[in-house]
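Colleague: Each chain, written out:
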Amino acid sequence: MFARLKPCLVPVTVAVLATSLSGAAHAKVDGDTIVLGAALSFTGKYKTNGKHTKNGYDLAVKRVNEMGGVKVGGKSYKLKVVYYDDESTPARGAQLVERLIKQDGVKFMLGPYSSGLTKAMAPVTEKYKIPMVEGNGASRSLFNKGYKYLFAVLSTSEQYLAEAVNLAAEQAKAAGTSPSAIKVALAVENDPFSQDIRAGVLDDAKRHGMNVVIDDKLPKELNDMTVTLTKIKALKPDLLIVSGHSKGAATAVRQMSEQKVDVPMFAITHCEAADVVGKYGGAADYTLCATQWAETMTYKDGYFGAAPEYAKLFEQTYGYVPPYQAAESTASVLVWVDALQRANSFDTDKLRDALSATEMETFYGNIKFDETGKNIAKPMVLRQIQGGQYKVVAPTKWASDKLIHPRPKWSER
Amino acid sequence: MGNLEILVEAPIFSVQLLLDGLLVGAIFALAAYGMALLWGVMNIINIAQGDFVILGGYVTLTLYNAGIPALAGVPVAAIVLFGVGWVIYRVVIFRVVDRDLFISILATFGISILLQQLMDQIFGADIQSAESGLGTLFLFDNQVTLGKVKLVAFGTVLVVGAALAIFLKKSRMGQAIRATSQNARAARIMGINTDRVYAMTFALNAAVCGAAGALVVMTWVIQPFIGLAYTIRSFMIVVVAGLGNIAGVVAAGLGLGAAEQFAAFLLGAEFQIGFVFALLVVILLLRNAVLKRKRQVLK
Numbered sequence: 001m002f003a004r005l006k007p008c009l010v011p012v013t014v015a016v017l018a019t020s021l022s023g024a025a026h027a028k029v030d031g032d033t034i035v036l037g038a039a040l041s042f043t044g045k046y047k048t049n050g051k052h053t054k055n056g057y058d059l060a061v062k063r064v065n066e067m068g069g070v071k072v073g074g075k076s077y078k079l080k081v082v083y084y085d086d087e088s089t090p091a092r093g094a095q096l097v098e099r100l101i102k103q104d105g106v107k108f109m110l111g112p113y114s115s116g117l118t119k120a121m122a123p124v125t126e127k128y129k130i131p132m133v134e135g136n137g138a139s140r141s142l143f144n145k146g147y148k149y150l151f152a153v154l155s156t157s158e159q160y161l162a163e164a165v166n167l168a169a170e171q172a173k174a175a176g177t178s179p180s181a182i183k184v185a186l187a188v189e190n191d192p193f194s195q196d197i198r199a200g201v202l203d204d205a206k207r208h209g210m211n212v213v214i215d216d217k218l219p220k221e222l223n224d225m226t227v228t229l230t231k232i233k234a235l236k237p238d239l240l241i242v243s244g245h246s247k248g249a250a251t252a253v254r255q256m257s258e259q260k261v262d263v264p265m266f267a268i269t270h271c272e273a274a275d276v277v278g279k280y281g282g283a284a285d286y287t288l289c290a291t292q293w294a295e296t297m298t299y300k301d302g303y304f305g306a307a308p309e310y311a312k313l314f315e316q317t318y319g320y321v322p323p324y325q326a327a328e329s330t331a332s333v334l335v336w337v338d339a340l341q342r343a344n345s346f347d348t349d350k351l352r353d354a355l356s357a358t359e360m361e362t363f364y365g366n367i368k369f370d371e372t373g374k375n376i377a378k379p380m381v382l383r384q385i386q387g388g389q390y391k392v393v394a395p396t397k398w399a400s401d402k403l404i405h406p407r408p409k410w411s412e413r
Numbered sequence: 001m002g003n004l005e006i007l008v009e010a011p012i013f014s015v016q017l018l019l020d021g022l023l024v025g026a027i028f029a030l031a032a033y034g035m036a037l038l039w040g041v042m043n044i045i046n047i048a049q050g051d052f053v054i055l056g057g058y059v060t061l062t063l064y065n066a067g068i069p070a071l072a073g074v075p076v077a078a079i080v081l082f083g084v085g086w087v088i089y090r091v092v093i094f095r096v097v098d099r100d101l102f103i104s105i106l107a108t109f110g111i112s113i114l115l116q117q118l119m120d121q122i123f124g125a126d127i128q129s130a131e132s133g134l135g136t137l138f139l140f141d142n143q144v145t146l147g148k149v150k151l152v153a154f155g156t157v158l159v160v161g162a163a164l165a166i167f168l169k170k171s172r173m174g175q176a177i178r179a180t181s182q183n184a185r186a187a188r189i190m191g192i193n194t195d196r197v198y199a200m201t202f203a204l205n206a207a208v209c210g211a212a213g214a215l216v217v218m219t220w221v222i223q224p225f226i227g228l229a230y231t232i233r234s235f236m237i238v239v240v241a242g243l244g245n246i247a248g249v250v251a252a253g254l255g256l257g258a259a260e261q262f263a264a265f266l267l268g269a270e271f272q273i274g275f276v277f278a279l280l281v282v283i284l285l286l287r288n289a290v291l292k293r294k295r296q297v298l299k
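If you read the protein sequences in the order shown, they are chains L and A.
Note that the working numbering has the first sequence beginning at 1, numbered continuously upward.
Note that the working numbering has the second sequence beginning at 1, numbered continuously upward.
No wet-lab data here; the hints were simulated from the structure.
Treat each hint with caution, since some may be false.
[Said to hold, decoys possible] Distance windows between CB atoms, simulated:
| id | chain 1 | residue 1 | chain 2 | residue 2 | range |
| --- | --- | --- | --- | --- | --- |
| 1 | L | Lys350 | A | Ile113 | 43 to 49 Å |
| 2 | L | Gly209 | A | Leu4 | 25 to 31 Å |
| 3 | A | Ala10 | L | Gly305 | 39 to 45 Å |
| 4 | A | Phe94 | L | Ser411 | 56 to 62 Å |
| 5 | A | Leu118 | L | Asn65 | 33 to 39 Å |
| 6 | A | Glu270 | L | Ala377 | 33 to 39 Å |
| 7 | L | Gly278 | A | Leu137 | 24 to 30 Å |
| 8 | L | Glu361 | A | Ile113 | 55 to 61 Å |
| 9 | L | Gln389 | A | Ala10 | 35 to 41 Å |
| 10 | L | Ala175 | A | Ala10 | 23 to 29 Å |
[What the hints assert, rightly or not] Computed, partial: chain L to chain A, Cβ under 7 Å:
| id | residue |
| --- | --- |
| 11 | Lys47 |
| 12 | Val227 |
| 13 | Thr372 |
[What the hints assert, rightly or not] Reference listing, derived: stretches of chain L covered by chain A, where coverage requires no fewer than 3 residues with Cβ under 8 Å from a Cβ of chain A:
| id | segment |
| --- | --- |
| 14 | 111-121 |
| 15 | 228-234 |
| 16 | 257-267 |
| 17 | 392-401 |
Ideal Cβ placement from N, Cα and C applies to all residues, glycine included.
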């Protein structure tokens with residue numbers, strides 16, 4: 001029975017597929033709509049951040065369309081994004097980008113979430129010479145392959161915690177001691193992202209002549225760092241740097257307070273993603289958190305105004321405070337808008353040149369790409385948790401609050 | 001070797017490492033104990049073992065988020081997972097019990113993926129943890145600090161281990177389980193309903209994992225995809241300890257826990273897991289050599 005059904009099912013399925021895809025089928029520019037493409041993680045381990053990324057893209061598209069769209073060749077175009085679910089797996093992501101380019105004809109690509117997925121997709125966009133603007137792939141290995149069509153609006157990962165080293169040096173100088181007397185302890189996950197962070201920290205520690213006393217590489221299924229903390233009790237470093245995505249942040253904050261480990265300065269990544277304040281309350285106080293962007297900063301642009309206004313609009317729209325993953329995704333769309341208007345063309349090579357000449361201020365920060373495609377105009381920000389609030393304390397130029405240093409001892413809290 | 005000097009000069013840190021290692025090892029021993037039971041009775045290597053543990057963690061987390069103390073999660077997670085285990089046996093496992101080992105590995109691997117994705121759908125991919133609210137224990141002039149929850153975990157492991165041992169020895173069902181593990185066919189001939197025994201064993205194992213998971217979520221952090229680490233750790237402990245040996249499993253769990261803490265301290269955290277695997281190889285080689293000598297004597 002099924003065998004007889006099959007022949008008539010096939011044309012039906014094809015017809016259904018064709019109608020459902022028709023919006024995207026002859027994409028690039030469809031009437032008065034410019035079609036961007038993105039493969040994002042809607043399922044699997046990155047789905048939370050995949051959602052932040054999508055919300056960031058969608059908010060930008062909505063806002064740009066409300067404000068008259070994109071002007072190319074004297075005509076106004078609306079923006080639209082075609083999404084696919086990459087299931088948080090690199091192989092699937094690479095397939096989907098190929099599909100976006102070959103079947104859907106997308107010529108303007110937005111990045112996925114995470115360095116790993118970006119790494120899988122960049123060779124594909126490169127092969128088809130399709131420019132990709134991304135805001136969520138920070139690994140420095142993305143920018144030493146000679147890619148010409150990849151542009152990243154975010155600070156690369158080796159910059160994430162280097163600022164903490166400089167801050168420690170600043171504090172030492174202010175206290176009248178030499179930065180070279182500072183003892184640094186590192187505990188970073190053994191994955192490409194965290195190892196980039198480690199490389200950046202080691203570079204800056206070396207520049208200041210600091211002494212690295214602990215350099216532990218934590219396993220990928222990291223959920224216990226008692227050994228490293230015991231070592232820290234023994235060697236008493238002045239600065240502790242931990243990186244290991246949300247697992248690392250949660251584990252470090254929790255076990256530091258459980259084991260009552262005292263360190264004058266303690267810096268980590270992914271505080272917000274791990275919700276260390278919500279989960280551990282006062283135990284998270286005085287922690288330094290690296291962030292790409294903070295909603296209290298004063299950068300601004302014509303679409304969203306300053307960062308606080310962006311944060312307000314985002315919260316009204318989606319019901320939660322925008323994490324930096326969303327902000328940098330929004331900024332990626334703004335970079336596309338700017339490049340399309342400057343190139344005044346849909347030719348991908350002209351657009352590539354326009355992208356590489358980008359020099360703009362957005363609510364997310366300044367954006368200017370170097371020849372490898374990474375943004376060199378925006379520094380990383382360090383926030384300190386003070387009384388359960390995130391306060392910008394470094395770089396000193398953008399700081400809204402004063403650093404509390406050293407961290408009060410556990411016995412005095 | 002600077003790290004060795006620290007331990008020589010300040011032996012108190014060895015105490016910290018040893019205690020941490022033993023307490024951590026206890027939680028692994030609990031999951032491993034269930035695995036040994038399953039392997040011994042049903043000849044199934046359960047790849048979903050770690051996912052049962054994580055599921056137990058999520059049960060506890062659900063209670064904790066509802067305002068119930070996380071400690072109550074230990075019995076509740078065990079009961080819930082008992083039910084889950086029973087259902088999984090009735091749906092899948094009974095089909096693969098008497099089959100090739102490879103088939104059961106494949107089946108439990110499938111269950112593992114299914115559980116991971118379900119947990120991801122229901123609880124989200126974020127890192128989660130529950131606070132026991134027990135605080136920290138200070139020993140030796142505050143030089144050694146231990147989360148009290150780890151002591152609770154250790155106690156739980158001992159209680160559950162002892163309870164299981166008594167259950168297997170004294171109760172009707174326990175005797176049936178042991179009989180089935182010795183010779184399933186003979187047990188059937190003697191009137192034991194082996195299907196029921198298998199269901200009971202599988203559910204018991206899941207319950208033990210659930211209790212372990214409750215301890216894990218209070219001690220560390222969980223997320224839906226971290227289960228495999230617990231499966232591998234349990235597997236290793238069982239391989240070292242051998243099947244059907246409760247004391248051996250507990251001892252191997254504690255020993256490996258302590259050994260890896262010292263390895264991580266002396267060699268660096270990146271060698272923690274590597275060291276345990278190297279140790280496993282050494283133990284297997286040694287055991288092989290010992291057995292060989294025994295066989296020669298028999299000749």
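Colleague: Next, verify each hint and record whether it holds.
Modeller: Each hint tested on the structure:
1. Taken as a hint, the range 43 to 49 Å holds for the pair Lys350 of chain L and Ile113 of chain A, whose Cβ atoms sit roughly 46 Å apart.
2. Taking the beta carbon of each, Gly209 of chain L and Leu4 of chain A are about 27 Å apart, inside 25 to 31 Å as hinted.
3. Roughly 57 Å separates the CB atoms of Ala10 of chain A and Gly305 of chain L, a value that falls outside the hinted 39 to 45 Å.
4. Separated by about 57 Å at the C-beta atoms, Phe94 of chain A and Ser411 of chain L satisfy the suggested range of 56 to 62 Å.
5. In this structure, Leu118 of chain A and Asn65 of chain L meet the distance hint of 33 to 39 Å, their C-beta atoms being roughly 38 Å apart.
6. For the pair Glu270 of chain A and Ala377 of chain L, the beta carbons lie near 35 Å from each other, so the given range of 33 to 39 Å is met.
7. Separated by about 26 Å at the C-beta atoms, Gly278 of chain L and Leu137 of chain A satisfy the suggested range of 24 to 30 Å.
8. For the pair Glu361 of chain L and Ile113 of chain A, the beta carbons lie near 46 Å from each other, so the given range of 55 to 61 Å is not met.
9. Hint check: Gln389 of chain L to Ala10 of chain A, Cβ distance near 38 Å, so the stated range 35 to 41 Å holds.
10. In this structure, Ala175 of chain L and Ala10 of chain A meet the distance hint of 23 to 29 Å, their C-beta atoms being roughly 28 Å apart.
11. Hint on Lys47 of chain L holds. Least Cβ distance to chain A is approximately 5 Å, under the 7 Å limit.
12. The interface hint given for Val227 of chain L is met, as the beta carbon of that residue sits about 4 Å from the closest beta carbon of chain A, less than 7 Å.
13. Hint on Thr372 of chain L is violated. Least Cβ distance to chain A is approximately 29 Å, over the 7 Å limit.
14. A count of 0 residues in the segment 111-121 of chain L with a Cβ less than 8 Å from any Cβ of chain A is obtained; the coverage claim is therefore unmet, three being the minimum.
15. Counting residues of the segment 228-234 of chain L whose CB falls under 8 Å from any CB of chain A gives 5; the rule of at least 3 is met.
16. Counting residues of the segment 257-267 of chain L whose beta carbon lies closer than 8 Å to any beta carbon of chain A gives 3, which meets the minimum of three for the stated coverage.
17. Against chain A, the segment 392-401 of chain L contributes 0 residues with a C-beta closer than 8 Å to a partner C-beta. That does not satisfy the three-residue criterion, and the hint is violated.
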